[in-house]
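> These are the residues of each chain, in order.
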Amino acid sequence: MSEPLLRVEGLVTTFPGARGARLPVVDRVDVAVARGEAVALVGESGCGKSMTALSIVGLVPKPGRIDAGSVRMAGRELRGLPVTALRRVRGAEIAMIFQEPATSLNPVQTVGAQVVEAITLHESVARGEARRRALGLFEQVGIPDPPARFVAYPHQLSGGLKQRVMIAIALAARPQLLIADEPTTALDVTIQAQILELLRGLARETGTAILLITHDLGVVNEIADRVAVMYAGRIVEEGTRAAVLGAPRHPYTQGLLRSIPARAAPDERLAEIPGAVPAPDMWPSGCRFADRCVLVMDTCRAREPERTSFGANAAARCHAVVAEASR
Amino acid sequence: MSAMRDAEGEPLLRVEALRVWFPVRAGLLQRPTSVLRAVDGVDLTLGAGRTLALVGESGCGKTTVGRSILRLLEPNGGRVLFEGTDLLTLGPAALRPIRRRLQIVFQDPMASLDPRLRVRDAIAEGMQAFGIGTGEAERTDRVGVELRRVRLDPSYMERFPHELSGGQRQRVCIARALAVQPRLLVCDESVSALDVSIQAQILNLLRDLQDELGLAYLFITHDLGVVRYLAHNVAVMYLGQIVETAATAQIFQDPRHPYTRALLAAMPSVDPLRRSVAVRAHGEVPSPLHPPSGCRFHTRCPEAFARCRSEAPELAASGDGASRCFLSA
Amino acid sequence: MERHVLGNLFAAAIIGLASFVAWRVRSSAFSRERVAEIVRRRPIATIVVALYLGVALLDSVAWRDAQPGEVSVEARSLLDRVFPTDFRERSYSAPLADVEFYGGQPLAHPGRHLLGTDILGRDVLHLALGGARVALLIGGLTSLIAIPLAISLGLAAGYFGGRVDDLVFFLLSTLASMPSILLLVALIMVIGRGPIQVCLALAVTSWVSFCRVVRGETLKLRELDYVQAARALGVSELRIAWRHVLPNLSHLVVITFVLTFSQLVLSEAILSWLGVGIDGSWGQMIDQARDELARDPIIGWNLAAASAALFVLILAVNRVGDAVRDVLDPHTLRHLS
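Chains as they are written, first to last, in this note's numbering: chain B, 967 to 1293; chain F, 37 to 365; chain H, 2 to 338.
Don't read these hints as lab results, they were simulated from the structure. Careful, some of the hints might be misleading.
Coverage of chain H stretches by chain F, computed from C-beta distances (three or more under 8 Å per stretch; other residues unrestricted) [claimed, not checked]:
#1 225-238
#2 259-268
Simulated restraints on C-beta separations [claimed, not checked]:
#3 H:Val165 <-> F:Asn112: 45 to 55 Å
#4 H:Pro149 <-> F:Glu199: 24 to 34 Å
#5 H:Val165 <-> F:Arg67: 21 to 31 Å
#6 H:Leu172 <-> B:Pro1250: 57 to 67 Å
#7 F:Ala342 <-> H:Asp167: 28 to 38 Å
#8 F:Arg343 <-> H:Phe170: 32 to 42 Å
#9 H:Ser32 <-> F:His318: 47 to 57 Å
Only part of the chain B face toward chain F is listed, based on derived beta-carbon distances under 10 Å [what the hints assert, rightly or not]:
#10 Ala1096
#11 Tyr1119
#12 His1121
#13 Leu1127
#14 Gln1142
#15 Thr1156
#16 Ala1169
#17 Arg1170
#18 Glu1171
#19 Asp1182
#20 Ala1208
#21 Ile1239
#22 Val1243
#23 Ala1245
#24 Pro1246
#25 Asp1247
Positions of the beta carbon are idealized from the N, C-alpha and C atoms, including for glycine.
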């Protein structure tokens, strides 16, 4: 198997907790994204998915820090790179778009200028050429009437348009990997549909790989080829979209899918996952999902489950699933 | 459970031609230059013990409708008939006792609770204001009852909001609203800020409470999946107007208005065999300050034709509901 | 009422207030954590401020020694009693000197004046320590007057808006457009030159900026969901303002108090420079020391002592103030819990 474009192994990112202890919010996470592939990292709030993305590009906010693990991009280790080299990677090789386009864009600069800046930052291009490329990007991301929008300021644009600008900026330096952190969560559903369609089309056209961070399983289904489900800092299930969404093995994934109201029959009661996600300083020993799990056994509280593969397309971290499979 | 759901109650709430217009001031002298028609002629009906979902995207005016019904915002026109009385004609003194029967649960559970009040005091506040309970001790007992009703242990009453999780805070907000024994609960995006697993818990709770207490819900949301689970009837809003109303089943099986169809098409499914998202509303949402001429949806509608640009359609009967579209009459 | 009795009452009131605050803080784990965090961040500054407070308190409790037959015995405070009675010399003497600065006459208390004596022969160290009481009086009493005034007007303006807001804004703008030093001096000329009058004048000029901040914060709090919820629950507007808005301004109050404290002390120093300050303050010492700089050789210890005492207190208060602001800011609430 060829080396994936992005390989993250054993990533541990910690934050200081009470009394000086360091709590891992990303706990020994492994992710791999092949060229041109779309991988979704999905989980609820507090599971560590956003922090994983930030760790990959080296943007973990203080007082957090990466304590262990390796992040290899196109074979090159990113951890330990000096800041100047890392900056060259950001934008040119890995680009990132965020949830809130309003705060990600500079309010006192026209959106056109910001796209031009993104281009000239990574390539030495003449101003005229950069402007031409920027206008081309505007068209590519579906912004109507590009010359008019080019000179607009962010506050003059709607949420959907701002997000398209963000995507244009991200693609400006032709990165190999696009990390999208909740790119459509703040958008209305009809606009979300447009952006999802755009992302899918662009990925196909340009061959850019996507690492999608989201909590919305519907969005995952629309974009991803492979899915990894995170809970309390760990990846609890991963596999192809068909495997994870169609035949989920981990009780958490199953519970999540059963909680979606759109899937319930009209008079059926939504299956709830009781309790709530434990905070990092309250993680139990053993499986972190044990307190909320319908399949909980004694082993679950004693030992953290290992990662078990089920063929090439699926893997899960659960004692109960292993027990079931070996029957 | 199903008996409650099928009974056609007397309309508990009837909203007629509700208008909320905000003047937009500009210029040196801050003169009103134009008008933001946030809510522009909205009619709603809600029976006792039933749920009406008010659906739309941001800027459509649904939150404004919810707050206007409770007179947290003052509307400019129309009638809000609650149990037969027009709330908009009442003075503050006459309105106060009726306030008790209309309560609201907001979207952000953190912002809905005063960070300095313990849960007990937050829930008892309404009881105190309306004179429910004959003393602190009795009110504390009642707080315990309400907490149990929302599936929280009564010991939670000693906690502060920052000691609770998002789902627990939302339960406290619901308990606070229930403490004054309302007949109608406006849920303004009450589950939108919650994780999907917590959302399921709260949705189940709301359904159970409706069965136990005969509450009516005006459920304001943008999430059609939640609508399907909770609502008996649906009203779809776009740019300040109702564009379609129908029973829930009909909205999903046979939507009449192109905007409703666009909303449904945009809903992603989680079935890996079906990537279903289709774009059926192109372009951006127009600003409510400058609504398009004629039919307000025509700029984004895939089925628009000449008449849509010049003439504004009325909300006309269509199937078992109503739709504001020339094509569905 | 005799001055020292007033001082005693004041000291008793301060101790009472401090005990009350301490009891309120102790009874809430939340507040205890905050205070502990403040002390943890600025341990030295907190100790310094506490020391100054201690000295000020010592100087506030005073009484007369009963002497049969003598009528005009001065009241002496606990601080005064640390130093020997009648510790004065005739005139200047250098720190730890045995002889007078001019003329070389032997001193009454040779080698005992750690920081020398001033033109009237008073011990400089004693004077410098005494200034602490004055400084804390300025900060405390002025805030006691200015803060309630600013809160009530700012809250009313922000919450009720309309005419009330217009009126308060008019007051604010009028006061803000007058140069504060001139206004201060004019006020003192009119109402008199005692310590209470100076504090009153300082309060009049310093409530404006805080009032603006309160008004702004109230405007923000008024729109929050929990205020709307209270309205829906039938709570009256006045009760909402009192119960929901006011307590959530308390962090602002503490921050403002600590940060404007130093401004007030410095303002008084300027007033003393202009001749209208409070007796016994460091500002007055610095003003008196002006002439001494023109002498040859320069007599600097007077000025140095007062300036150093002033500088150290203000530095300590500012450092504690930074910590207070960081810890009490609602945005840092999440990090601590």
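> If a hint holds in the structure, say so; if it doesn't, say that too.
Here is what the structure says about each hint:
1. 225-238: holds (count 12)
2. 259-268: violated (count 0)
3. H:Val165 <-> F:Asn112: 45 to 55 Å: violated (25 Å)
4. H:Pro149 <-> F:Glu199: 24 to 34 Å: holds (32 Å)
5. H:Val165 <-> F:Arg67: 21 to 31 Å: Holds, since Val165 (chain H) and Arg67 (chain F) (Cβ atoms, about 23 Å apart) stay within the stated range.
6. H:Leu172 <-> B:Pro1250: 57 to 67 Å: Holds, since Leu172 (chain H) and Pro1250 (chain B) (Cβ atoms, about 59 Å apart) stay within the stated range.
7. F:Ala342 <-> H:Asp167: 28 to 38 Å: violated (52 Å)
8. F:Arg343 <-> H:Phe170: 32 to 42 Å: violated (53 Å)
9. H:Ser32 <-> F:His318: 47 to 57 Å: holds (56 Å)
10. Ala1096: This interface hint is violated because 26 Å lies over the 10 Å limit.
11. Tyr1119: Status violated, d = 15 Å.
12. His1121: violated (12 Å)
13. Leu1127: holds (6 Å)
14. Gln1142: Given a least distance of 24 Å, the restraint on Gln1142 (chain B) is violated.
15. Thr1156: Nearest chain F Cβ about 5 Å off; hint holds.
16. Ala1169: At 14 Å from the nearest chain F Cβ, Ala1169 (chain B) fails the 10 Å test, so the hint is violated.
17. Arg1170: violated (13 Å)
18. Glu1171: Status violated, d = 17 Å.
19. Asp1182: holds (7 Å)
20. Ala1208: holds (5 Å)
21. Ile1239: With a minimum Cβ separation of about 4 Å from chain F (threshold 10 Å), the hint on Ile1239 (chain B) holds.
22. Val1243: holds (8 Å)
23. Ala1245: holds (9 Å)
24. Pro1246: This interface hint is violated because 14 Å lies over the 10 Å limit.
25. Asp1247: Asp1247 (chain B) check fails; min Cβ-Cβ to chain F is 14 Å, beyond 10 Å.
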